[in-house]
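First to last, the protein sequences are chains A and B. Note that our numbering has the first sequence beginning at 1, numbered continuously upward. Note that our numbering has the second sequence beginning at 1001, numbered continuously upward.
It is worth saying that the hints were derived from the structure and are not from the lab. There could be a bad hint or two in this list.
[Stated by the list, open to error] Once the Cα atoms are required to be at most 30 Å apart in a straight line, the calculated DSBU-like pairs of lysine-lysine come out as:
hint : chain 1 : residue 1 : chain 2 : residue 2
1    : A       : LYS97     : B       : LYS1274
2    : A       : LYS86     : B       : LYS1240
3    : A       : LYS74     : B       : LYS1276
4    : B       : LYS1276   : A       : LYS96
5    : B       : LYS1238   : B       : LYS1274
6    : B       : LYS1393   : A       : LYS97
7    : B       : LYS1300   : A       : LYS96
8    : A       : LYS77     : B       : LYS1276
9    : A       : LYS97     : B       : LYS1276
10   : B       : LYS1246   : B       : LYS1276
11   : B       : LYS1322   : B       : LYS1452
12   : A       : LYS71     : B       : LYS1276
13   : B       : LYS1062   : B       : LYS1119
14   : B       : LYS1322   : B       : LYS1238
15   : A       : LYS77     : B       : LYS1245
16   : B       : LYS1062   : A       : LYS97
17   : B       : LYS1240   : B       : LYS1276
18   : A       : LYS77     : B       : LYS1300
19   : B       : LYS1452   : B       : LYS1301
20   : B       : LYS1452   : B       : LYS1403
21   : B       : LYS1238   : A       : LYS86
22   : B       : LYS1276   : A       : LYS86
23   : A       : LYS86     : B       : LYS1301
24   : B       : LYS1246   : B       : LYS1274
25   : B       : LYS1274   : A       : LYS74
26   : A       : LYS77     : B       : LYS1274
27   : A       : LYS71     : B       : LYS1274
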Amino acid sequence: MGKFTFPPALYAILVFTLLIITAYETGGLEAYLGNRSIVPGDTGTDVLEMQQRLGQFGYYVGTPDGIYDQKTLKSVKRFQADNDLKANGIVNQATKKSLGIFRSTGPLSREEFSGGASWRDDTNLLARTIYAEARGEPYLGQVAVGAVVLNRTRHPGFPKTITGVVYQPWAFTAVHDGQINLAPSNTAYRAAQDAMSGWDPSGGAVYYYNPRTASSGWIFSRPVIKRIGSHIFAR
Amino acid sequence: MNGKWISYILTLFVVTVVAGGLLAYQQYEAKEQYRISLENQYQLSFRELVDDVENLEVQTAKALVSNSPRQTMINLSDIWRNAYDAQANLARLPLSHDALSRTEKFLTQMGDFSYSIAKTTSPQITLTAAQWNTMNDLYTQARYLSGQLHQLEANVDKGQLSWTEIERKSSNKLAQVSGNLINTNFRVVERQMLRYPTLTYDGPFSDQLHPVPLGLTNQRITTQQALAVAKEYVDPAKPKQYEAKKIGEGNGQIATYSLQVQPDTNNAYVAGPKDKIFLDVSKSGGQVVWMVNNRNVQQKKLTFQEALTKAQEFLRTRGYPKMVLTSYSEFQRTMFFSFAYQQDGVTIYPDLVKVKVALDNGQIIGVEAANYLMSHHYRHLNQPNLTLEEARKKLNPRLKVEKSKLVLIPSEGHDEILCYEFLVGMNTNRFLVYINASNGREQNILRLIEAKNLQLAM
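Work out the full structure, taking the sequences as your base and the hints as a guide.
Have a look at this one:
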């Protein structure tokens, strides 16, 4: 027997502890995920994060295991198709962005938007809200969520500005849990633009809820206007 | 050897525990710091709310006492400012919507009411009897609210209540913010506020009677008829090449059938894209309320003028023959056009239809006619009291007039006002100035936002 051997398990624990501390200090897991494009066959924490995100959005139904297998590939392709991305299973920066794996990079470019600054800012925030609240919904449902925000600004019982409505405490789950900071997809921008231009598939609603997950009994007492996707719109 | 092993493990254990403890403490400290910052933010909003409402009470009392037009005007604008501030601050507090919507509404309407009087009353007169009575009712409510808030503030100061406490209790169950003292307090206020009568006046947030669509006939249509309307609307030349189905119904201001139209995929002779087109068709009168085709628009090929022609042609063939272009903007290879109805040469701004043109092939991929269908009807337009020349003299003499025309504009409330619209330039900006055609008052000013393929009035 050698007189001084450090068991490998000890190394492992030490390294692990250090890693966790570093991860905390640098502000979370983000620093930890590589910048690679994820392709089928890949394994790792980035794959795990991707599976978790897909799960949150209702695309992945298995247990996230960090392995990019056939089942994951199917969900990725479906997600890409729904979000105007090339449905090739390659999770590049654009797809990652849509999955919200990275924080938003900022407002739209100048070519996409010109003219009144407040109009642009409002459309931007509305697109974020739509993306955070309803990206899994059909397009009409996304426009309708945007319309609800705008209808609230014209209703006496709510704040008068889009910012006020969106950031009112408890008003939107996705603001409360931080999803509002995800970078919106092109579809969400388009829906925001439609809502800002006057399209209102909700029929003048100021509330909407998912009847399966709504927790407040009060919301069910509001007169229903219609249902789009999984949301019920009410006044 | 065994003893050494144990000491290794013990050392490692101690190191881990100490490191873990330090980390936990650090986390705790950071969390506490965040909690305090948040609590302070809430305190700021709450105390500003208390101040705002107290000022509101005082200013309303002054408005009731005053007999000077000048003083009344100042009071009215102070009430307006404080009521809106109060409402904004109230909306920043972590309270569930059903605990404060009536209170928020009261504050909105109080500001809106004051602003509407200030805007319409001539600066030579004080409040009318009716306005004074309404103001007196509002005063009672403001006094009640102010009293309740002061009581709550006293409780907060005693250290019994913390705003972040509400947050913690409800963080798992959104909107189930019950059993908490602050919320209970607000609910009591809310219940009392509900007992006060509703408020009608000429302003955008007034309690109006439920508006009925003026642009629809009473004739009810069946689902089958609605499907036919939708196909005809999408493609009048060959409606048989489409299939339509009902996907729902709507119970908004306009009762509708929600339909989906798609090129008939079973028909081998139908060429072109198989995009889904969504439409809402009104149950009364069978009009298309809006249409959405969310297809991807490819490379841009049409010019502005070509797109405009497509939009105008579409409107002409869909039962909107007399429309004039009012604004436009380009977004993601799509042109948004807004058109207003024209009657006897007068542009009727409340009757708006919006059309989206795809700039790859000129297809109409969206229509919005809800506004039009709500407000469109035949209007008996009065002859203007002022001539164009007389109206022009009311303008600020520094302005350079480029164009002018007669228009009907919606007022703050639900009236419509006949005006002369002047397109004017000052410095590098252009504006639309509206002069009331019956009394010569400057009714409104809009600034034009202009760029390539963009013109919006704000």
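>> Check the structure against each numbered hint from earlier and tell me which ones fail, lowest number first.
In response: 2, 6, 16 and 21
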